[in-house]
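Using the hints provided, position chains V, H and Y relative to the given structure of chain A.
Number of protein chains: 4
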Amino acid sequence: MDIGFIGLGHMGQAMARALLKAGFRLTVYNRTRARAEELQAEGAAVADNPAEASRGDLVITMLADDPAAEAVVFGEQGVIRALRRGAIHAGMSTITVALSKRLADAHRAAGQHYVAAPVFGRPDAAAAGKLFIVAAGEPEPIARCQPVFDGMGQRTFVVGAVQTAANLIKLCGNFLIASMIESLGEATTLIRKSGGDPQRFVEVMTNSLFPAPVYKTYGDLIVEQKFQPAGFSMPLGLKDIRSLLAAAETHAVPMPVGSLVRDHFISAIARGGANLDWSGLARVAAQDAGL
Amino acid sequence: MDIGFIGLGHMGQAMARALLKAGFRLTVYNRTRARAEELQAEGAAVADNPAEASRGDLVITMLADDPAAEAVVFGEQGVIRALRRGAIHAGMSTITVALSKRLADAHRAAGQHYVAAPVFGRPDAAAAGKLFIVAAGEPEPIARCQPVFDGMGQRTFVVGAVQTAANLIKLCGNFLIASMIESLGEATTLIRKSGGDPQRFVEVMTNSLFPAPVYKTYGDLIVEQKFQPAGFSMPLGLKDIRSLLAAAETHAVPMPVGSLVRDHFISAIARGGANLDWSGLARVAAQDAGL
Amino acid sequence: MDIGFIGLGHMGQAMARALLKAGFRLTVYNRTRARAEELQAEGAAVADNPAEASRGDLVITMLADDPAAEAVVFGEQGVIRALRRGAIHAGMSTITVALSKRLADAHRAAGQHYVAAPVFGRPDAAAAGKLFIVAAGEPEPIARCQPVFDGMGQRTFVVGAVQTAANLIKLCGNFLIASMIESLGEATTLIRKSGGDPQRFVEVMTNSLFPAPVYKTYGDLIVEQKFQPAGFSMPLGLKDIRSLLAAAETHAVPMPVGSLVRDHFISAIARGGANLDWSGLARVAAQDAGL
Amino acid sequence: MDIGFIGLGHMGQAMARALLKAGFRLTVYNRTRARAEELQAEGAAVADNPAEASRGDLVITMLADDPAAEAVVFGEQGVIRALRRGAIHAGMSTITVALSKRLADAHRAAGQHYVAAPVFGRPDAAAAGKLFIVAAGEPEPIARCQPVFDGMGQRTFVVGAVQTAANLIKLCGNFLIASMIESLGEATTLIRKSGGDPQRFVEVMTNSLFPAPVYKTYGDLIVEQKFQPAGFSMPLGLKDIRSLLAAAETHAVPMPVGSLVRDHFISAIARGGANLDWSGLARVAAQDAGL
Chain A
1 MDIGFIGLGH MGQAMARALL KAGFRLTVYN RTRARAEELQ AEGAAVADNP AEASRGDLVI
61 TMLADDPAAE AVVFGEQGVI RALRRGAIHA GMSTITVALS KRLADAHRAA GQHYVAAPVF
121 GRPDAAAAGK LFIVAAGEPE PIARCQPVFD GMGQRTFVVG AVQTAANLIK LCGNFLIASM
181 IESLGEATTL IRKSGGDPQR FVEVMTNSLF PAPVYKTYGD LIVEQKFQPA GFSMPLGLKD
241 IRSLLAAAET HAVPMPVGSL VRDHFISAIA RGGANLDWSG LARVAAQDAG L
Chain V
1 MDIGFIGLGH MGQAMARALL KAGFRLTVYN RTRARAEELQ AEGAAVADNP AEASRGDLVI
61 TMLADDPAAE AVVFGEQGVI RALRRGAIHA GMSTITVALS KRLADAHRAA GQHYVAAPVF
121 GRPDAAAAGK LFIVAAGEPE PIARCQPVFD GMGQRTFVVG AVQTAANLIK LCGNFLIASM
181 IESLGEATTL IRKSGGDPQR FVEVMTNSLF PAPVYKTYGD LIVEQKFQPA GFSMPLGLKD
241 IRSLLAAAET HAVPMPVGSL VRDHFISAIA RGGANLDWSG LARVAAQDAG L
Chain H
1 MDIGFIGLGH MGQAMARALL KAGFRLTVYN RTRARAEELQ AEGAAVADNP AEASRGDLVI
61 TMLADDPAAE AVVFGEQGVI RALRRGAIHA GMSTITVALS KRLADAHRAA GQHYVAAPVF
121 GRPDAAAAGK LFIVAAGEPE PIARCQPVFD GMGQRTFVVG AVQTAANLIK LCGNFLIASM
181 IESLGEATTL IRKSGGDPQR FVEVMTNSLF PAPVYKTYGD LIVEQKFQPA GFSMPLGLKD
241 IRSLLAAAET HAVPMPVGSL VRDHFISAIA RGGANLDWSG LARVAAQDAG L
Chain Y
1 MDIGFIGLGH MGQAMARALL KAGFRLTVYN RTRARAEELQ AEGAAVADNP AEASRGDLVI
61 TMLADDPAAE AVVFGEQGVI RALRRGAIHA GMSTITVALS KRLADAHRAA GQHYVAAPVF
121 GRPDAAAAGK LFIVAAGEPE PIARCQPVFD GMGQRTFVVG AVQTAANLIK LCGNFLIASM
181 IESLGEATTL IRKSGGDPQR FVEVMTNSLF PAPVYKTYGD LIVEQKFQPA GFSMPLGLKD
241 IRSLLAAAET HAVPMPVGSL VRDHFISAIA RGGANLDWSG LARVAAQDAG L
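Residue numbers (the working numbering), protein chains in the order written: chain A, 1 to 291; chain V, 1 to 291; chain H, 1 to 291; chain Y, 1 to 291.
Mixed in with the good hints, there may be bad ones.
If several chains are the same, the list does not tell them apart, and a pair holds so long as it fits within one copy or across any two.
Straight-line alpha carbon distances no greater than 20 Å define the calculated EDC-like cross-link-like pairs of lysine to aspartate or glutamate that follow [unchecked claim]:
{"hint": "1", "residue 1": "226", "residue 2": "2"}
{"hint": "2", "residue 1": "21", "residue 2": "150"}
{"hint": "3", "residue 1": "216", "residue 2": "124"}
{"hint": "4", "residue 1": "226", "residue 2": "70"}
{"hint": "5", "residue 1": "216", "residue 2": "140"}
{"hint": "6", "residue 1": "101", "residue 2": "138"}
I should point out that these hints are in silico values taken from the structure, not numbers from a laboratory.
Bound conformation, chain A alone (with noise of 0.2 Å):
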């Protein structure tokens, strides 16, 4: 299987390391090219653009945001003039609900098919193949995408046949864990305020109520205040529940504590954490608290 890979960030590059090792023929693309030459030691083909990685049997995309997958998927150079018929297009970029009903439709149109495919899990657990994927699209592709999908995480989660299914998912499982964040901060700060141990706190939940490893690993990172370096920065988190609220607004579905987050994203870019970890939430709830 000849698989193409484009966007090669934090976590895509971590991706196309892991299907490289699994023992993958990839042609990667990327928009500065020194971060696709990294992978040549590994294996991988460097492609001069994003049509030249879409001649194969699939093709993954992992972007930052919408902008970068319309231009890599419609520019001139774009996936979807050279995807030949029955190709598929695996897109695992965190993107609007928007984007991925119109690629489902632009690819659907091409002959081509199109599998949303999101991911949770940070860089290292991209690294490591850990990543918990979410799946939408028709069964049959989705299968053939099965075997890749197997090299880079630890389990897919298939949610239908809609596409957007899986970006909705995506979207609100990334405001679970904004709202947990949130919520950390103010307790933390709380227990801080008076006297209280919050290292202490965050042992006690997660070895009661909450022993989920995002608690554990984002408590941590709260107590110890630790915000840099960005796993997953404050611009994307904003962005990602500006996604999340537009799709709800869409269906006439008000989100308070999703407007909240938001705020407090935008509060942290302004009071200079545009370069923190989306975790550093907890810091403007401290610094509201006057710490």
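Positioned in the frame of chain A, the structure of chains V, H and Y alone reads:
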């Protein structure tokens, strides 16, 4: 060890029963005597008033709220006058930080020991002896309580000598649960209105990012909209958030998610949901979206 | 002076009528031609397309939203191609800051003048020539517009040469109204549920602290729960808050009351209130309190 | 008519002075006696305790909060024991609905009259006899108070026989002011960060939609960022919102803008603003946007 147990509501009765089953000798008291008598067959002695249940080495209180706890401790036939010097009062109710402080002071002045030991877990966990207990107070009396705690809980977290620290952690823990319920309510509402399957969403979340029982338990209640019978009722949820916000105001800590959840508890009650489980916060989210 | 007037909705028709009554010569255009023809009896010439209404010295646009304004200006038979060099486009619609910027750039590039001149006031104020106009742009074209503005408004506030400043003030003004409605809704709900008289409350407020007509107007609508017919509808209110929050995000400004009002607009629409006046925000407050 | 006046803070002293100037005979009491003695030159007799100031036909109280009012009325040398049957207590402080109810009951039981008569206006309005007074209670004692009220206020609104109605309107009025401050703070922050002129914005607003003195007063304070000296301090603002939210909870009314404003008062205090005027809420908005 002679143990008194005061307060036999859903939680208290299950906890007392677990202690009896574990072989402890119990004198129980409840305002509505019938609930105390239900435990006679299992070996409990029934007291006529709180004082009678406070003649031993340890008295445990498990009451609904501050006024109930105050009445039992400071009232006519109350705990504080009956307890002998050196004996222990283990307060396991979810009360305010302010009352816990007052109890600590009063017991100290009377030459008695006060251990704050609130619990996490619903009545079924109490019956199974699977609670999580958060204890604070002097080490020696906590050590004396430990075997008793082991009869009710799967684990005890000792969080220091200042009793209020335990109560604050309890309130913060309930806040984390309430905010999780709120966020799950908002997210599942969006999934539902978008035509997706909220059950599948909860499955994906609890098998990937959030493999904590509390997410599974509440996720299922929310998806099935099974808000009755109330394991933990709306007014109790509101009371705990009110107590949290009062403590936070004392320390000049704004908790915007706390405020939002408080408003939704009030709204749930205003819309006729006073008898619902607090997971019914998700019904507010659904109604606000026109469902 | 030959004036074109494009967009004859509730507001636009009332404004055009005021101009005709004041003696101005008008060529009018509306997508639904019938509304244009209603003005023929009062002396207006009817154009077949936007271009035909843009042949004079000044063309005024008063459209519902960004897409409508974009279509009229940049479309096939649009304003920008038809307007001669040195002529003026006075954009009086409530549009986004981003579109206003784009219009300013496009008109400048075409050697034309763009004056942003959004208005405050409901249709009855427009009919009476009593609007408030907030104008921004180069001084000379604004001076040329002034007599025309005087035909529609009781006062024009010139707020500088940067057109977007006027649009932002318009959005902020609507935000102040929306937040006032929200607060009045919450307060009157409390008065009502406490057994008090919300009408008396509004009387006290508008005869003491808040003797502004806008408090009187909306206070009365809220007390009488007279949310129809819609002078300014929910979806338009939501659109303006959305535009405001987009501008605020651009400048990294969190606006928590704005976010809250946005959620309530969405909720109002979700609960079947899309046809209500935006004062119907108060109905959301009442419903949330179980009324 | 012999009048007692208890509580000579910023507001109380200005009110007492207005009464003296209007020719009323006053016996004044203040915990810090020096502030009472300042009025001797203007003809006031100085009392040694609240009881001494309660021997006439009418005693007015103007105190900072519930505890102060409770101490003065129910304390050792308190109002309630000293006031003769048929005499009147006019409570003009901003107190909770719950305390007003308790006062009404206690005075009724003692054969005395209680008139709740809180006021709107800052100290300068009090000195000029230009307050707005909201009065509730039995008609006859209110009629007796009217000439006295006329010495302090420009207008009295009688809102019924149930005393708490006046207190609730007072709290709701302060809520409307606080939410106006919050909204003005958010809007002016946006104008400022966008490069616009917040002063011009306030001018436009107060000369068009919002020609109410309260908008002008607070708009100017906010634009000039002149938050000191405090005409009405942050802790007092927080107290009033807390009282409002307590009353609202009693009636099961969620007030989300109230909750938001409460959080911002707390945050302002946490960030060192306890000595600021409550218009300093706008500083929180500015800081949250990185200014």
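Structure-based check of all given hints:
1. 226 - 2: neither (41 Å within a copy, 49 Å between copies)
2. 21 - 150: Within. Shortest intra-copy distance 12 Å satisfies the 20 Å Cα cut-off; inter-copy 49 Å does not.
3. 216 - 124: Cα proximity of residue 216 and residue 124: one copy only (15 Å, versus 26 Å across).
4. 226 - 70: For residue 226 and residue 70, the Cα distance exceeds 20 Å both inside one copy (34 Å) and across copies (43 Å).
5. 216 - 140: neither (38 Å within a copy, 31 Å between copies)
6. 101 - 138: Classified as within; 14 Å inside a copy, 43 Å across copies.
Consistency with the previously given hints fails for numbers 1, 4 and 5, ordered from lowest to highest.
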